[in-house]
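Student: Spelled out, the chains give:
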Amino acid sequence: MKKHTLTLNVDNQPGVLARIVGLISGRGYNIETLNVGPTQNPEVSRMTMQVPGDDRVLEQVTRQLAKLVDVRSVIDLTKRNFVNRELLLIKVAAPRECRSEIIELVGLFDGKIIAVHNAEMVLQVAGDKDKLHALLALLEPMGILDLVRTGVIAIENESCNRGADDE
Amino acid sequence: MRTGAQCIIDGLQQAGVDRIFGIPGGTVLDIFALLYHAPVGFVLARHEQGAVHMADGYARASGKTGACIVTSGPGATNAVTGLATANMDGVPLVCIAGQVPSSMIGNDAFQEADTTGITRGITKHNYLVRDVDDLPRVMCEAFRLASEGKPGPVLIDVPKDIQRAQTDVVCDGKTGIRGAKPLPDCNPGIEALADALNRARKPVLFVGGGVIAGDASAELLAVAHKARIPVTTTLMGLGAFPETDPLSLRMLGMHGSVAANRAVSACDLLVSVGARFDDRVTGKIDEFAPHAVIAHIDIDPSAISKSVAVRIPVVGHVKTVLTRLLERLEPVTQREWINEIAAWQEAYPFSYEVENGKLASQYVVESIYHATRGAATIVTDVGQHQMWAAHHYKYTQPRSFISSGGLGTMGFGLPAAIGAQFACPDRTVVLIAGDGSIQMNFQELVVAVEHRLPINVVVLNNGHLGMVRQWQEMFYSREYSATRLGQGERGKNERIVPGDKDVYLPDFVKLAEAHGAAAMRVHTPDALPSALRDAIATDGPVLVECMVKPDENVYPMVPPGASLTEMVHSMA
Numbered sequence: 001m002k003k004h005t006l007t008l009n010v011d012n013q014p015g016v017l018a019r020i021v022g023l024i025s026g027r028g029y030n031i032e033t034l035n036v037g038p039t040q041n042p043e044v045s046r047m048t049m050q051v052p053g054d055d056r057v058l059e060q061v062t063r064q065l066a067k068l069v070d071v072r073s074v075i076d077l078t079k080r081n082f083v084n085r086e087l088l089l090i091k092v093a094a095p096r097e098c099r100s101e102i103i104e105l106v107g108l109f110d111g112k113i114i115a116v117h118n119a120e121m122v123l124q125v126a127g128d129k130d131k132l133h134a135l136l137a138l139l140e141p142m143g144i145l146d147l148v149r150t151g152v153i154a155i156e157n158e159s160c161n162r163g164a165d166d167e
Numbered sequence: 001m002r003t004g005a006q007c008i009i010d011g012l013q014q015a016g017v018d019r020i021f022g023i024p025g026g027t028v029l030d031i032f033a034l035l036y037h038a039p040v041g042f043v044l045a046r047h048e049q050g051a052v053h054m055a056d057g058y059a060r061a062s063g064k065t066g067a068c069i070v071t072s073g074p075g076a077t078n079a080v081t082g083l084a085t086a087n088m089d090g091v092p093l094v095c096i097a098g099q100v101p102s103s104m105i106g107n108d109a110f111q112e113a114d115t116t117g118i119t120r121g122i123t124k125h126n127y128l129v130r131d132v133d134d135l136p137r138v139m140c141e142a143f144r145l146a147s148e149g150k151p152g153p154v155l156i157d158v159p160k161d162i163q164r165a166q167t168d169v170v171c172d173g174k175t176g177i178r179g180a181k182p183l184p185d186c187n188p189g190i191e192a193l194a195d196a197l198n199r200a201r202k203p204v205l206f207v208g209g210g211v212i213a214g215d216a217s218a219e220l221l222a223v224a225h226k227a228r229i230p231v232t233t234t235l236m237g238l239g240a241f242p243e244t245d246p247l248s249l250r251m252l253g254m255h256g257s258v259a260a261n262r263a264v265s266a267c268d269l270l271v272s273v274g275a276r277f278d279d280r281v282t283g284k285i286d287e288f289a290p291h292a293v294i295a296h297i298d299i300d301p302s303a304i305s306k307s308v309a310v311r312i313p314v315v316g317h318v319k320t321v322l323t324r325l326l327e328r329l330e331p332v333t334q335r336e337w338i339n340e341i342a343a344w345q346e347a348y349p350f351s352y353e354v355e356n357g358k359l360a361s362q363y364v365v366e367s368i369y370h371a372t373r374g375a376a377t378i379v380t381d382v383g384q385h386q387m388w389a390a391h392h393y394k395y396t397q398p399r400s401f402i403s404s405g406g407l408g409t410m411g412f413g414l415p416a417a418i419g420a421q422f423a424c425p426d427r428t429v430v431l432i433a434g435d436g437s438i439q440m441n442f443q444e445l446v447v448a449v450e451h452r453l454p455i456n457v458v459v460l461n462n463g464h465l466g467m468v469r470q471w472q473e474m475f476y477s478r479e480y481s482a483t484r485l486g487q488g489e490r491g492k493n494e495r496i497v498p499g500d501k502d503v504y505l506p507d508f509v510k511l512a513e514a515h516g517a518a519a520m521r522v523h524t525p526d527a528l529p530s531a532l533r534d535a536i537a538t539d540g541p542v543l544v545e546c547m548v549k550p551d552e553n554v555y556p557m558v559p560p561g562a563s564l565t566e567m568v569h570s571m572a
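Quick mapping for you: the protein sequence lines, in order, are chains A and B.
The first sequence begins at 1 in our numbering and counts up by one.
The second sequence begins at 1 in our numbering and counts up by one.
Just chain A, with the same shape it has in the complex (with noise of 0.2 angstroms):
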């Protein structure tokens, strides 16, 4: 099934998440990532998630979606030229003989380093897929302890226009 990314420009007010939550947990569809955030206006919030599902229900759920009161815009990135990114913080285990090619390997990914202890380091790295299910694979033999994701957040390239219901 296809992977959706829908970004939603929503009130910063409680039980917005319970609703939009709720309208496509409702329909028997699973979020596999969801980012919630303030934005620039303090009123606003932008929600990033994605949604695997086929496409015509994605659009009914985005239709459903945009009709919500709490909602101010939506948009179904997946049709559009967009970047996303997700960050993650790895707890792997690294004892001394293993420390240098994990250092190499954070290097590799453009990540950092941002605790050494005895034998475990916590990493920082931000990506897309792809380059994050890369780093993990090479991370999974030294054995990876604990793993966060922040879920992906996505923009559209160009600048779009977002609607008058942004104002």
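Keep in mind that a hint or two might mislead.
As the list claims (entries may be wrong) - Pairs of lysine-lysine, BS3-like flavour, derived with a Cα cap of 30 angstroms: (1) A:K67 / B:K394; (2) A:K67 / B:K306; (3) A:K2 / B:K306; (4) B:K150 / A:K79; (5) B:K394 / B:K549; (6) B:K284 / A:K2; (7) B:K174 / A:K67; (8) B:K64 / A:K67; (9) B:K284 / A:K67; (10) B:K549 / A:K79; (11) B:K319 / A:K67.
These are calculated hints, taken from the structure and not from any lab test.
Take the given structure of chain A and dock chain B to it, following the hints.
Tutor: What follows is chain B alone, placed relative to chain A:
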């Protein structure tokens, strides 16, 4: 300075509410203290579901926004079915719910429920008011939201402390809603639709409740007549187009007319006017209107292509769209297609078998049609009687047929009839109910008695949950599991005290009398016309129990999952 409770009363008055339905309770006492003196009429229901259905019936009959008020916890959860019913049929309602004090929310306080959580998916929008300063705006917004665009129910959950708190904020009519997006004034779809209609040889207008909600019956009639386009309606669309008009194909769908279903299946252009392609209408979706270009006029963009792919979408107010369309239509005087359809109409009217001396449900509905000269407001419950009410009464005016279409809520009828009679005190209101359905909210009959509402309650008593029984007969090898309401021949797993096999419980005549209503029982066709005349002439509610055949089925029927061309007319 006003209290929150005062803001609610003022908000109701500002919205023009002249009557509100509900039941008091601990968390709405402050509002009731003010209602006692307010010029807003209050109707005390006996169950919150009844209160919401009353407000719903009031809204459907009048076109105004209905209002109801319930307490927290069980009051709110009892209202759930009513809200879901209104939501499915796009009925404008505002429901005020009491909530435990803000400081106790989430503590499992007495009569606490997460009302906004529970009603989120069954309302158009809901609010939990956390600050009394927001309340004046929320009241304004709620009434606007309920009636704007595709109408629907809006719930406002108000904690008790917010009702008692003071504010000097007033609503200046400005609301924070962007929801009401201006609809395109010049809609490119109209041109395309007009072209398609001018070219079509076999067009059909497929009309839903949107035409009634959008007050566009006159425009619809003009369009149909100008281009001689036959019209079929959904259950929700009954009354939007006069069924006495030769262009009327009557209802389509699972229990639609042969003419309507054949016309839809053979047409080359199908124009949905405020209808949402419900599964009970389309039958097998892949074979719905297989030869047609499909056009859809709707106020709700999310209704377009929801289940059926639409070639010509027109999003807008149906009244405006039809007016613009009319200007662009070329007049048609002769259409071969009309003759083709007339042959079907002639050959397959809604009909039934007459058995000598036996009372048929369809005959009862026909008799109501004659007794009221087709000018009554008919309210129904849900089941076989609902379909017979659709078949054997011809609706000629919008808002004259009131029924739970989308959710199919048994128990809707009696409270909705009460609401409808309040909205239209001068109209004859007839509730056509089944013996199963009416038991689900019978307690509301006292409300009709208290207010001396001249509602005519006709119970078609066939001793069964008839529609389910019909499905068991047709599709479940005639095993009548749990569908008999009489005492005899109950299912094997049901424990019934042995005794008088013919006893039917309850005795509806006694039950109605116990509620203070007049009642009579009719066993034969001969006795019916005078019984109906008497009932209609009586001041105050009358229940007429009609002892109808126990095993009658609704025909024609498109079996579930079949295409509209596969209609069953009788059991083989």
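Student: For the pair supplied as a hint, B:K150 and A:K79, confirm whether the alpha-carbon distance does not exceed 30 angstroms.
Tutor: holds (28 angstroms)
Student: Does B:K284 pair with A:K67 here, judged by a C-alpha cut-off of 30 angstroms?
Tutor: holds (28 angstroms)
Student: Starting from B:K284, check that the Cα of A:K2 is at most 30 angstroms away, please.
Tutor: Status holds; Cα separation ~26 angstroms.
Student: If you draw a straight line from the CA of B:K64 to the CA of A:K67, is it 30 angstroms or shorter?
Tutor: holds (22 angstroms)
Student: Are the Cα positions of B:K394 and B:K549 separated by 30 angstroms at most?
Tutor: With Cα atoms ~23 angstroms apart, B:K394 and B:K549 stay inside 30 angstroms; holds.
Student: Run the distance test for A:K67 versus B:K306: straight-line Cα separation, threshold 30 angstroms.
Tutor: Status holds; Cα separation ~14 angstroms.
Student: Holds or violated: A:K67 and B:K394, Cα atoms, limit 30 angstroms.
Tutor: violated (36 angstroms)
Student: Mind checking the alpha carbons of A:K2 and B:K306 for me, to see if they're no more than 30 angstroms apart?
Tutor: Roughly 19 angstroms between the alpha carbons, so the hint for A:K2 and B:K306 holds.
Student: Regarding the pair B:K319 and A:K67, is the alpha-carbon distance no greater than 30 angstroms?
Tutor: holds (21 angstroms)
Student: Within 30 angstroms, alpha carbon to alpha carbon, are B:K174 and A:K67?
Tutor: With a Cα-Cα distance of about 20 angstroms, the restraint between B:K174 and A:K67 holds, given a limit of 30 angstroms.
Student: Check the hint pairing B:K549 with A:K79 against an upper bound of 30 angstroms on the C-alpha distance.
Tutor: violated (59 angstroms)
Violated hints, listed in ascending order, are 1, 10; each of the other numbered hints is respected by the structure.
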